[in-house]
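> Listed below, chain by chain, are the residues.
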Amino acid sequence: MTNAPTPSLAAAKQESSGALGFYGVWLLAAAALVVLPLVFSSGGSLTSFSLIGIAIIFALSYNILLGQTGLLSFGHAVQYGLGGFLAVHVMNAAASHNWPIPLPVIPLVGGIGGMAFALLVGWVMTKRAGTVFAMISLGIGELVASSSLILRSVFGGESGITTDRTSLMPLFGWTFGPQIQVYYLIAFWVLVSAIAMYALTRTPLGRICNAVRDNPERVEFIGYDPHVVRYLAYMFAGFFAGIAGGLTAINFEIANSAYLGAMQSGFVLFSTFIGGTAYFFGPILGAILVTYLQLGLTSVTSVWQLYFGVIFIGIVMFAPGGIAGILMKHRPLIRAGTLGTVIPSYLVAAIPTLAFALGIILTIETVARFSGGDPINLLGIPFVATAPTTWAAAAVLVVGGFLVARITWRRVADAWDRAATVARDRGYLA
Amino acid sequence: MAELIVISTLNGVLFGMLLFLLSSGLTVIFSMMGVLNFAHASFYMLGAFFGYQLTRWIGFWPALVIAPLLVGVVGMGVERYGLRNTHKHGHVAELLLTFGLAFAIEEIVSMIWGKSPVDYRVPAVLDFPAFTVFSTNYPAYKIFMLVVSVVIFIALLVTLKRTRVGLIVQAALTHPSMVGHLGHNVGRVFMLVFGVGSALAGLAGVIAGPSLVTQSDMAAYLGPILFVVIVFGGLGSLPGAFIASLLIGLIQTFAVALNGSLASVFGPLDPSLGPSPLTDIWNVTIAQIAPILPYLLLVLVLIFRPMGLLGTRES
Amino acid sequence: MRRLIVAATAALTVLGGAASAQESIKIGYIDPLSGGGASVGEGGLKTFQYLADELNAKGGILGHKVEIVPLDNKTNPQESLVQAQKAVDAGVHYITQGNGSSVGAALEDFVTKHNSRNPGKEVLYFNYAAVDPSMTNEKCSYWHFRWDANSDIKMEALTNYMKGQPSIKKVYLINMDYSFGQSVRAAARKMLGEKRSDIQVVGDELHPMLKVTDFSPYIAKIKAAGADTVVTGNWGQDFALLLKAAADAGLKVNWYTYYAGGAGGPTAIKQTGLENQVFQISEGVPNSGNKAAMDFEKDFRAKTGISVWYPRAVNEMRMFKAAAEKANSIDPVKVAAALEGMKFDVFDGGEGFMRKDDHQFFQPIYISSFGSLADKAKEPFDEENTGWGWHIVSKIDTAQTMLPTTCNMKRP
Amino acid sequence: MTAAIQVNAVEKSFGNVQIIRDLNLSVAKGERHAIIGPNGAGKSTTFNLISGHIKPTSGEIRLNGEVTSGLRPFEINRRGLSRSFQVTNVFARMTVWENVRCAVLWATGHRYAFWKNVDSLPEVKQRTAQILDDIHLSHRRDVPAGLLTYAEQRELEIGITIAGGASVIMLDEPTAGMSHAETERAVALIRRLTEGRTLVIVEHDMSVVFGLADRISVLVYGHIIASGTPEEIRGNPKVKEAYLGEEVD
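Protein chains in written order, with the working numbering: chain R, 78 to 507; chain E, 403 to 717; chain Z, 22 to 433; chain W, 2 to 250.
Since the hints were made in silico from the structure, they are not lab data. Note that the coordinates shown come from a computational prediction; the quantities given were computed from them, not determined experimentally. Accuracy of the hints is not assured; some may be wrong.
To be verified - Within a straight-line C-alpha distance of at most 27 Å, the following computed BS3-like cross-link-like pairs (lysine-lysine) qualify:
id : chain 1 : residue 1 : chain 2 : residue 2
1  : Z       : Lys347    : Z       : Lys364
2  : R       : Lys204    : W       : Lys126
3  : R       : Lys204    : W       : Lys56
4  : Z       : Lys319    : Z       : Lys397
5  : Z       : Lys355    : Z       : Lys377
6  : Z       : Lys397    : Z       : Lys377
7  : Z       : Lys377    : Z       : Lys312
8  : E       : Lys490    : R       : Lys406
9  : Z       : Lys431    : Z       : Lys142
As the list claims (entries may be wrong) - Some chain E residues judged to face chain R by a derived CB distance under 8 Å, without partners named:
id : residue
10 : Ala495
11 : Met513
12 : Phe629
13 : Val633
14 : Leu704
Idealized CB from N, CA, C, for every residue including glycine.
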């Protein structure tokens, strides 16, 4: 998937040799999805993989809006949630009427649900981009979330609507009761959706979405109505968000108003942005990382939300391109063969940076656990929150780490400049 | 009926002014910098907690002055070390920075003051009923809040329209590079404005804290409605925010006062129809949906008049 | 002689259990530990950890140590399911949860499905505070046990008290617009109508949950309706703000509440000065007069810094131990069978029992009011350092709280 | 024969300020028409009116005989009119190749297609490559447009404008800010690329105007005071007085 940058510097050079690499990447992804649960077979990791898979589709669908079309939405969970609800209703109906619908097509139903809502409200929503769109999406999000508590017969109040995924027609002897079967169902849809969404970026519409993102005014003068482009993008985003919602409904066997809420919308914004919106694979990285953090951090620290905030602020300030942006920045250097000159400075900078990060963690945990709680376990070393030695250690790490890190990062920048100059000379960097 | 109208109007105006108190800072920041500050409600919360803490140490009145200043300093720090560096990446990045900040501030506050509500009380001087209408008391503290809101509105209006600082601020908004060339430090102007906006939020926190619940999740409850106010009134328009606050206050209050539902107007549906979305809608009262009316207004306004009531630009 | 046998058995179990003692009984505590509901969730966690310590100090359950595994669900049903799955994957066979009926319903559904799909790996769900009546009625599950009185039972108890109060003439209902608020409202209307047809329900309000910042308009309506009593299931900031607005406007009514004692509630009542006007229905009161309970309360407060807000959690854990000992096993299937119909002396005194039909625990219910404490010797416990505390106004016996169930229990 | 562009009695006011007064302009098919005039005369506004960027307060504009006043820019574009901008207006984050290709897509009939692979459309590929060749940017095809030099961006701007194959091309100061050599290159480029099409150009550089245009219109204070061949304009006393007298090249 790494050969999918939007502003690819070398897409054309790759074009001929790229086809093989292109299919190779997807085959590799498919193989990885198949093998993963065989390697990590505990129930816990299966649950995690399933959630990560759903998060990937959700984040990719969000990036159709944010990264591809430049639409900042604060209500993307609406389509996700409505897709989930429709999926649950269809599952229940199929079970009670004995419709011959196998479970694996249910996510498609979710997708249709998400798309139908986008079709309905999208035209007035996408009239304008920018702040107006952001605020309308916020308003629609709040409205739908609130209405879901009023329209009880559809949304089941705040306890939601439950379903039983095993009650549908079994397919090839699979009942989808065990999590492993659900995992493979999700993995299948992750692959299909990711390929479809990647393909979408390679269509005329996908390209024009980018053009609308960069310069909606100019698009009008090359024959396109940016409003229509945004509307179509919004529908596609809704469709794939609905698929993610349908999968969630299958995974949890319940749909409730929390699906539609601001938390979900914020979560997908987080994932997508942290992963990087400029590259197709960015949201995938973001979804993996954020879901993993969400599952893991909560059992390590009670103030996970603070770490989320700090990570997010850090990304916005220092790497607005997200993780994918950081990675792709090195691509010209790799091609020019000058990455090697940068790595030593990275290694040097890593030590004080790590110390600084540890210092921050120690400080946060010290404050969080000052009034009671387990001792802090940092790299196996126990620290007691009320002990002055802990405070001193934190202070030394933070201040010392910061000062040294600043110097070492300047050296990284110098090394970078040198490497980039060479890369530019060799024609790998504009 | 007269009683209901008089009391609802009074309540609506009081609530509307509280909304304005909260959204004035947000509007100032937006009108000046074009930044939608998601952390605004967090600054408001910081104000409330600073106010609470300082009230315990040195009393309410000194706290009323010092806490907003502290919040202003925090705001200036955020502008100087955060937003300024993010500015080059565009408004979305700025907005996301404040988004992350809101998360962090909430957790920091709950780390320091805990997650339960704190006992932040109305100062004794103002803890008496100011007047009574139809045997309903109006506490002096609410009148105090109203007065502060109006004073802030007038002061801001005068500052922005009549003083040199205001002119520079207005000019920096439309022609930042020009103002820069004229020898004003646009960066410092921005920092100051962000500080003032945050301080206003802080002031709102100090004042609203005792009247509402001072708790670490108070920001999350009020955040979205503030956006409704400033978008509804017109992004960047102070009079717009003022009018929008009043309108939203009144609409919500009157909606609560009304018991009507479709069922009460057209009679109940045939019970044989069973539960369906129609019966849900049929039986829901206006009072029940009162607090979500602002969002409906927001969506409608943005669709039909994207610049809001008194706004002049869309984004 | 009998003592000797007990002691000998105990000793044997300890010895025999030495091998299995390494295997502790893990109870997954799934409640909010971060975000909006965290203050409540943390209180619950402290309670359960204290109770586990208490059990472990006396040798645990059948020699097994009890261990509480805290799992943060952020009051989100989906997150709860993730946490439940995580717990099950980590070998947890008992989960307990209380906050949020939406979470409760999701978990009940989860254990039912999990147990039917994974025979031999059963999980029990001990519910200590989710009070949606449907959980022990139409949605009931064999694997779910509830120690809190559901909201209908509490209303039954409350209306049984109210019917003896001739001063109550006009009642106003105000509730949060979600399933709990709705069941409070529906039950109140129905039961008041049956028991005191002369009481007029002058208003019936549902407001969106946690969205209202200014309750003045609602207070204006209550006042205009001429109510003398307000019944509300509001909690958290919806309770505090409601009460503040009432005090501001000078509304003089009696408040019958479900959760006035929740975190922040006592502070709000003290702030508004509504002494002895706010009543609470609960299954226990700190100043209960029961010596054992009050000793427990004292020690609990000293160790945790909070009051015993969940006497039902005490019942839950002690009864769990009793059931395991009765079954002589910590196998969830056997414990569940032992719990069915089990009688138990509750925390504040009196007898309760776990009804077999629906796995709902029935127990005496108290109506208490909040105000200054006259006799510090008899009523030593205040709340949230306000100097005010709860004192008992009425005790409703177990028999007076019984309600029929529609549960059609599917037994494995 | 109908005119390519026909502007009849168009007025445009912003608030109380009238920018365009009784504007009449006729551009014949295949003609190279330059609009000149002092700064603030309303040249860009005229462009914006004809291309649909803003709507006239009154009056009528026709493109190839069809009324286009009141239509949206993309509707006008689809009827065969394409324009460039005075301030460079490209898709900054997309590569040069993508920029031109986007401009080709509508005209080649692919519109909003989401079922075709954009990389395997031979006619799109061929046409894009041809245009890149024409504007001498083939060697920069994979560079994001935002990273091009100024002159390159101006060339790309022209490339995007002509890519759709519109019959009427409007260029707004295409050589503004270019060096002498760059200007010469650009003029040759324009001449070649607009061969057989109608060209309307706004330009300050009189050598460009008089070297390129078949006809010239002089716009002063929102009104066309003269229209004619370069010779006629040179000899027109009104023009001399109002324009050349003030702002001799």
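> I'd like to know which numbered hints this structure contradicts. Please list them from smallest to largest.
2, 6 and 7
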